[in-house]
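Trainee: Numbered by the working numbering, the letters in the sequence shown go through residues -18 to 189 in order.
Quick caveat, the hints were computed from the structure, so don't treat them as lab data. Note that the structure is predicted; figures quoted are calculated from it, not measured. Yeah, the Cβ is synthetic: ideal placement off N, Cα and C, and Gly gets one too. Hints may be right or wrong, so weigh each one.
With beta-carbon atoms standing in for the labels, derived distance ranges [what the hints assert, rightly or not]:
hint : residue 1 : residue 2 : range
1    : Ala24     : Glu120    : 45 to 53 Å
2    : Gly22     : Asn128    : 45 to 53 Å
3    : Asp37     : Ser73     : 23 to 31 Å
4    : Gly22     : Glu126    : 45 to 53 Å
5    : Arg(-12)  : Arg20     : 37 to 45 Å
6    : His162    : Ala102    : 21 to 29 Å
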Amino acid sequence: MPRPDPRLARTRAVALEAAYDVLIERGFGNATMDEVSARSGVAKSTLYRHWSTRDDLLREAFSAHALAGAPPGTDLATALCGYIHAYAEGLSSNWGRAAASLAVAALDDPEQRQAQQGFVATYRADLHGFVRAAVARGEIPQPDEANVSRVFDRLIAVLFYRFLFIDEPLDEKFIEQEVQHALQHLCPSSGDSPGTALDDHSAIDHSR
-18 MPRPDPRLAR
-8 TRAVALEAAY
2 DVLIERGFGN
12 ATMDEVSARS
22 GVAKSTLYRH
32 WSTRDDLLRE
42 AFSAHALAGA
52 PPGTDLATAL
62 CGYIHAYAEG
72 LSSNWGRAAA
82 SLAVAALDDP
92 EQRQAQQGFV
102 ATYRADLHGF
112 VRAAVARGEI
122 PQPDEANVSR
132 VFDRLIAVLF
142 YRFLFIDEPL
152 DEKFIEQEVQ
162 HALQHLCPSS
172 GDSPGTALDD
182 HSAIDHSR
């Protein structure tokens, strides 16, 4: 089996970073392959050999900046708190502007709506993965999947609302209160909610 050509990997990496920069500056609706080519030094014909459409390139560029999950064995409170901290930090950076741009573009463009749904599916999968891992470890009982989705949708929604509409800080205290609330609602029938571990959890990084 032939080994991957490192030059192709470098070309893709340079193009993705340039596409992300253009996406941040122009938004999904106004970013062009011509500008990505000029910014990256990669010929437009080469870009189209790697990505069939402009939207394919922009989606991959955006996804390349998606959040990482938690290390195996991380308890639910720590995993969720770390993820939401990182999400909030992302919203406050260029990534947040790209997410807002994607949300606006998706209102009237079915292809951008598809890109948006792919982004949503990614973070939903991350969060559901934390819960499945906690269940497998015996940390929490099996929750209702629909309830898990509702809890996490509300948790992400409040971050966007605070960031986009009321311009209030996504600070540590606010984030940990929201995570505590979410954890308490994941298993409402359980007398020992995982959220109780958040207040004194030594593994949570309070230096953020």
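Trainee: For each hint, tell me whether it holds in the structure or not.
Mentor: Results of checking the hints against the structure:
no., hint, in the structure
1, Ala24 - Glu120: 45 to 53 Å, "holds, 52 Å"
2, Gly22 - Asn128: 45 to 53 Å, "holds, 50 Å"
3, Asp37 - Ser73: 23 to 31 Å, "holds, 28 Å"
4, Gly22 - Glu126: 45 to 53 Å, "holds, 47 Å"
5, Arg(-12) - Arg20: 37 to 45 Å, "violated, 19 Å"
6, His162 - Ala102: 21 to 29 Å, "holds, 24 Å"
Violated hint: 5 only; the structure is consistent with all others.
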